[in-house]
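Asker: If you want the building blocks of each chain, they are given just below.
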Amino acid sequence: MRPYSLYTKEVMKHFKNPHNMGKIKNPDGVGKVGNPLCGDVMWLYIKVKKRKDGKEIIDDVKFQTFGCVAAIATSSKITDLAKGKTLEEALEIDREDIVKSLGGLPVPKIHCSLLATDALAEAIYDYYKKNKIPILESLSKRHERIQRVLKSVEERYEHVELKKV
Amino acid sequence: MKKVYMDYGATTPTDPRVLKAMEPYFLKYYGNSMSVHSWGVKAKEALEESRERVASLMNAKAKEVVFTSSATESDNFALKGIAFANKNKGKHIIVSSIEHHAVLEPAEWLKKQGFEVTILPVDEYGLIDLNKLENVIRNDTVLVSIIFGNNEIGVIQDIKGIGKICREKGVYFHSDATQAFGKVPIDVKRMNIDLLTINAHKVYGPKGVGGLYVRDGIEIDPLLHGGGHEFGLRSSTVNVPGIVGFGKVAEIQKKEMNLDARKQIKLRDRLIKETLKIENSHLNGHPTKRLPNNTHFWFAYIEGESLIMQLDTHGIAASTGSACSSGSLEPSHVLLALGLKHEEAHGSLRLTLGKYNTKEDVNYVLKVLPSVVERLRKISPFKGKWE
Chain A
798 MRPYSLYTKE VMKHFKNPHN MGKIKNPDGV GKVGNPLCGD VMWLYIKVKK
848 RKDGKEIIDD VKFQTFGCVA AIATSSKITD LAKGKTLEEA LEIDREDIVK
898 SLGGLPVPKI HCSLLATDAL AEAIYDYYKK NKIPILESLS KRHERIQRVL
948 KSVEERYEHV ELKKV
Chain B
50 MKKVYMDYGA TTPTDPRVLK AMEPYFLKYY GNSMSVHSWG VKAKEALEES
100 RERVASLMNA KAKEVVFTSS ATESDNFALK GIAFANKNKG KHIIVSSIEH
150 HAVLEPAEWL KKQGFEVTIL PVDEYGLIDL NKLENVIRND TVLVSIIFGN
200 NEIGVIQDIK GIGKICREKG VYFHSDATQA FGKVPIDVKR MNIDLLTINA
250 HKVYGPKGVG GLYVRDGIEI DPLLHGGGHE FGLRSSTVNV PGIVGFGKVA
300 EIQKKEMNLD ARKQIKLRDR LIKETLKIEN SHLNGHPTKR LPNNTHFWFA
350 YIEGESLIMQ LDTHGIAAST GSACSSGSLE PSHVLLALGL KHEEAHGSLR
400 LTLGKYNTKE DVNYVLKVLP SVVERLRKIS PFKGKWE
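Chains as they are written, first to last, in the working numbering: chain A, 798 to 962; chain B, 50 to 436.
No lab work stands behind these hints: they were computed from the structure. C-beta: ideal position from N, C-alpha, C; glycine also. Incorrect hints may have been included.
In silico DSS-like pairs for lysine-lysine, Cα to Cα no more than 27 angstroms straight-line [claimed, not checked]:
id : chain 1 : residue 1 : chain 2 : residue 2
1  : A       : K810      : B       : K427
2  : A       : K897      : A       : K844
3  : B       : K432      : A       : K960
4  : A       : K859      : B       : K432
5  : B       : K51       : A       : K813
6  : B       : K326      : A       : K961
7  : A       : K961      : B       : K427
8  : B       : K427      : A       : K813
9  : B       : K427      : A       : K960
10 : A       : K813      : A       : K847
11 : B       : K432      : A       : K844
If you want the ones that stay clear, here's a sample from chain A, every Cβ over 10 angstroms from chain B, calculated [claimed, not checked]:
id : residue
12 : K822
13 : L834
14 : K846
15 : R848
16 : D877
17 : E885
18 : E886
19 : E893
20 : L911
21 : R942
22 : V946
Chain A extracted, bound-state conformation (with noise of 0.2 angstroms):
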């Protein structure tokens, strides 16, 4: 792509053909994000399976997305990037590895991908919580943190319908 594009080829082809687009049917875990800054929000649901050596991985991965094209594709990546993977090493993608899988992201832009990790993490903790797997503390102030954030972006959603997960 030309230099002066504002998003990279990778980063346009996410956006254009979006991969895990919409939802799991009885999702193991789901994951609500939303951005304060520009208003984005992110559902992530992800399906676990245990693999033969006992350890529980991501079997299948879904996003719901609105948001602009980084959000888009940053959603599209983080399922790319977590499928097959453990939940411990799922928990280990942070923003940098989306960044530059896409090949860069506008300076603006690089808090769409928190927003990926964010909705992971979620998810991640949504199906600890339900299966009363003990949950590291880290994790469980991170969730407080993402938490404390959704509740600013969904008032400003207060109005509107969700779809059902």
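Use these hints to put chain B onto chain A, whose structure you have.
Answerer: Only chain B this time, still in chain A's reference frame:
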């Protein structure tokens, strides 16, 4: 793939007749309009002829037109130039809440220099209330600046009504006509306009050429001091080829403006009528008091930058006031001034027509737009009740 440029509000292609008129002033008559030799005289002749043509399109006198480098410069010149030259009369300025940044930012800057600024609100259509304007004009008010036709939502103000009030109150009236000049009839005398910002590139002229109408006898300070060009109001070697282009634009638009407008209004109204058939779509601005080439919508559940980029992949050029498309992540101040919520401004779309758009172009956009909106809504977690 079909390509449809529908972002004429951003800029326009140069009319080939304009380019042809400009060319000799690059290659043959390249003299400096301030030189006394025959090269200079040739340039000066072209400059003054262009000034007459541009003045004629708004019923001004030639000596009331000062050429600048852009509409932004003209707006800065009007606000700062009037404020500083008249600070003994008063230090109060009034602007509307839907001005272009080229007016709002100089107004903000003037505040720092000790001037007072009142921002006049608009109604849901983007129209200012003349009674409110009358009420906020004070004894120390020196300038009222109200945009002629808004660059985003296309709303056209009651300029004549504003001009009448300002003249009666003895306050200077500046209007930013960047989007209106050459598209709708403007008569600075009949409308009691004291200062008018105009430019060439929004009406099929070259970029880098603007102008400010300054009514005869008005006290204004220059922004640029130097060799005394443009009646001492705008020093800089004069951009003769660009100004010749602007003159040609004025000549063409004088003849063709009304026909262009009629054609575009037809396309515009069809575009609006058909687009509003998309579920949960809304028109921004006024249904009839709007620029002949402007349409502006917001769609619930989707974001504008995604919409623009999807349209781009289908060969359509458009623009948005979404927060995501701005570096500041703030949605358009114009849309917020109408009372739109952040998320409503988030899903905004501007399609601005031009004289090279055809019925087929509109049909193509009407074919692509609903499917693109539907696709983005499928990606979105929102589904209903966005009223």
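Asker: All hints, please: hold or fail.
Answerer: For each hint, the structure was consulted:
{"no.": "1", "hint": "K810/A to K427/B", "verdict": "holds, 18 angstroms"}
{"no.": "2", "hint": "K897/A to K844/A", "verdict": "holds, 26 angstroms"}
{"no.": "3", "hint": "K432/B to K960/A", "verdict": "holds, 5 angstroms"}
{"no.": "4", "hint": "K859/A to K432/B", "verdict": "holds, 17 angstroms"}
{"no.": "5", "hint": "K51/B to K813/A", "verdict": "holds, 18 angstroms"}
{"no.": "6", "hint": "K326/B to K961/A", "verdict": "holds, 26 angstroms"}
{"no.": "7", "hint": "K961/A to K427/B", "verdict": "holds, 13 angstroms"}
{"no.": "8", "hint": "K427/B to K813/A", "verdict": "holds, 13 angstroms"}
{"no.": "9", "hint": "K427/B to K960/A", "verdict": "holds, 10 angstroms"}
{"no.": "10", "hint": "K813/A to K847/A", "verdict": "violated, 33 angstroms"}
{"no.": "11", "hint": "K432/B to K844/A", "verdict": "holds, 23 angstroms"}
{"no.": "12", "hint": "K822", "verdict": "holds, 15 angstroms"}
{"no.": "13", "hint": "L834", "verdict": "violated, 5 angstroms"}
{"no.": "14", "hint": "K846", "verdict": "holds, 25 angstroms"}
{"no.": "15", "hint": "R848", "verdict": "holds, 30 angstroms"}
{"no.": "16", "hint": "D877", "verdict": "holds, 16 angstroms"}
{"no.": "17", "hint": "E885", "verdict": "holds, 27 angstroms"}
{"no.": "18", "hint": "E886", "verdict": "holds, 26 angstroms"}
{"no.": "19", "hint": "E893", "verdict": "holds, 21 angstroms"}
{"no.": "20", "hint": "L911", "verdict": "holds, 14 angstroms"}
{"no.": "21", "hint": "R942", "verdict": "holds, 20 angstroms"}
{"no.": "22", "hint": "V946", "verdict": "holds, 15 angstroms"}
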